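Chemist: If you want the building blocks of each chain, they are given just below.
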Amino acid sequence: MSVRWRMSVASRVVAALIGGYLLTALASICLARFLPLVRAEAVVLAMTVSFLVYLPAVLWCFACRSAWRAWFGLLLPSAALAALYAVSRWLL
Amino acid sequence: MKEGFRQAMAWLHTWAGLTFGWLLFAIFLTGTLSYFKEEITQWTQPEIVPHQVSAAASVDRAQQWLQQNAGDARRWFINLPDERTPELAVSWTNAKGRFERKSLDSLSGVPVQARESSGGEFFYRFHFQLQMPYPWGRWLASLAAMVMFVALVSGIITHKKIFKEFFTFRPRKGQRTWLDGHNAVAVLVLPFHLMITYSSLVIFMTMIMPLSILTTYGKDTQTFFDDLFPAFKSAPAAGTHATLAPLSPMLEVAREKWPNERVGLVTVNNPGDAGASVTLTASGADHIAHQPGTALTFDGVTGELKNETRMSAASLLLAGGLYGLHMGHFAGPFLRWLYFLCGVGGTAMIGTGLVIWLGKRRLKHARSDVIPFELRLVEMLNIASMSGLMLAIVSFFWANRLLPVGLAGRSDWEVKTFFCVWGLALLHALARVFLRDGRTAWREQLTLAALLFCSLPVLDAVTAGSYLRLSLEQGRWVLPGVDLTALATGLFMAWGALRFRGDGKAALAVRPTTPSTGEPLSPDAPGDRVIATRTPIVQEPR
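Protein chains in written order, with the numbering used here: chain V, 1 to 92; chain A, 1 to 542.
Next comes chain V alone, as it looks inside the complex (with noise of 0.2 Å):
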């Protein structure tokens, strides 16, 4: 087992511990936001549904070509999302 094996192991399971949790939360921030829902209920559905965002987010930082696909893969949508709440933020 190389050494730059390992490391690309280790980068991909943290890609996928907080790339994946980050990714997550943000969609979760913009389901609650965009939901048509009363608040409450848009946050409950939100945070109930979240979790399949982060099992594909999972799954592709181990199946993508190399670390640095897993990586960009998440923090690329993330960014995207945080822009769209930021965004939506300060417009309305």
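Source of the hints: derived by calculation from the structure; they are not laboratory data.
Each hint should be verified, as a subset may be incorrect.
Unchecked claim - A short, non-exhaustive set of chain A residues, derived as facing chain V with CB atoms under 10 Å:
#, residue
1, Y198
2, T206
3, T216
None of these values were measured; they are calculated from a predicted model.
Heads up, the beta-carbon is just placed ideally off N, CA and C, and yes, glycines get one too.
Start from chain V and add chain A according to the hints.
Modeler: Structure of chain A alone, referenced to chain V:
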């Protein structure tokens, strides 16, 4: 590309399963026991005899006792007895904000005189708190749940011929048999596995995924919970004294309002204050979804119905439904046993997975006598986490019957026995695996577990025979039911012990056929293309 994906998922399934398998085994087994939490508690406190007492009479007794003993409390909670819980549990937050709890006899209204034991509550708490300080145990259990979810779905993706192979079971073929068993039990109980895993995340979602609450409500998170459960919104005390209205007429009102549901919990805010209020919530035993938002609120002084709320929003019912499905409070005897068996299936799936991981790698070393350190380590942990845990569980029951009834800190001693025996089992596995071989450790621990489980009914008859006889005379099957389940478990342990006879050379000699591409636990499955440089995942012995 498609095969590459499947191989990556096989790798993920293998390693997620191995690293969290031991912990998940314990979580699943204690969770399975928790479906009979109340029954186990009845067994560990046989002194508490169930009586048929009306809810109104129970609540009157609870009110009387609390008035005398917790008159200055901020809040009272009265859990009414039902067919599974004979005790009338009262709890309160005292003037200093501390939470206290007492079990009352539903017939006489005085604290029950029973041996001190946490009973089923111990297994239930361990299942999600892992005997760790708050909130670390809950976080670790939630992490394990997420890993379980990943392992389940990656396992489904890996297992290509899911239906065709479901009908394949090749007994006495060593590694193949374990894999067939793992697949069969996984697919057979798959809806349960997915439900139980996802719902466990939903149960703790306000703790583990709270950011949307913060962005929506800001720092004022209490408003969120007040929005969800308006009936539990805590109003400040008025500061002037007023006598609390009798609680039993309020139960009458509830019976009219909810003809098909019983009241499970009575909450009294600011008892003895002019601003007192009383909230009645329906028992979880009457519907699947957990509905803490469905409540009747009364004025605590006049006794008039002030407010009626019903939790009916779809999103709340979805979350409450998942919560209720996980807990299974609604399940009658048949469904409860089905829950139990599904839990056993989940536990078996995890256990067989751990055995397969090791078996595959040991095959490589079948011809040499040297087994690498890491494989011995895994074997030791397999033994301690499976047969060792069974020993710890049965010791808890033995301690309950053997420790003196009046011993100070008795319930702590039961818990200490559990963990000491578990620790000893780990040491035993360590010594056997590293100095001799794992099969001996399995055989010895399973034999001891078989003896202890099979003789538990005898121990019960000898040390608590009068309760057993009384309950049989009254046609109550809880105590003998626990004994018979222990006997069945013991026979299963004995069967397991018999499988480990001999030195195991014969079992290892069975060579598996060439691994098919769809095999879930292929040890050499490269994770992806970077990994696909043919680096063996298993380190060869130097």
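Chemist: Find the hints from earlier in the document that the structure breaks and name them by number, from lowest to highest.
Modeler: none
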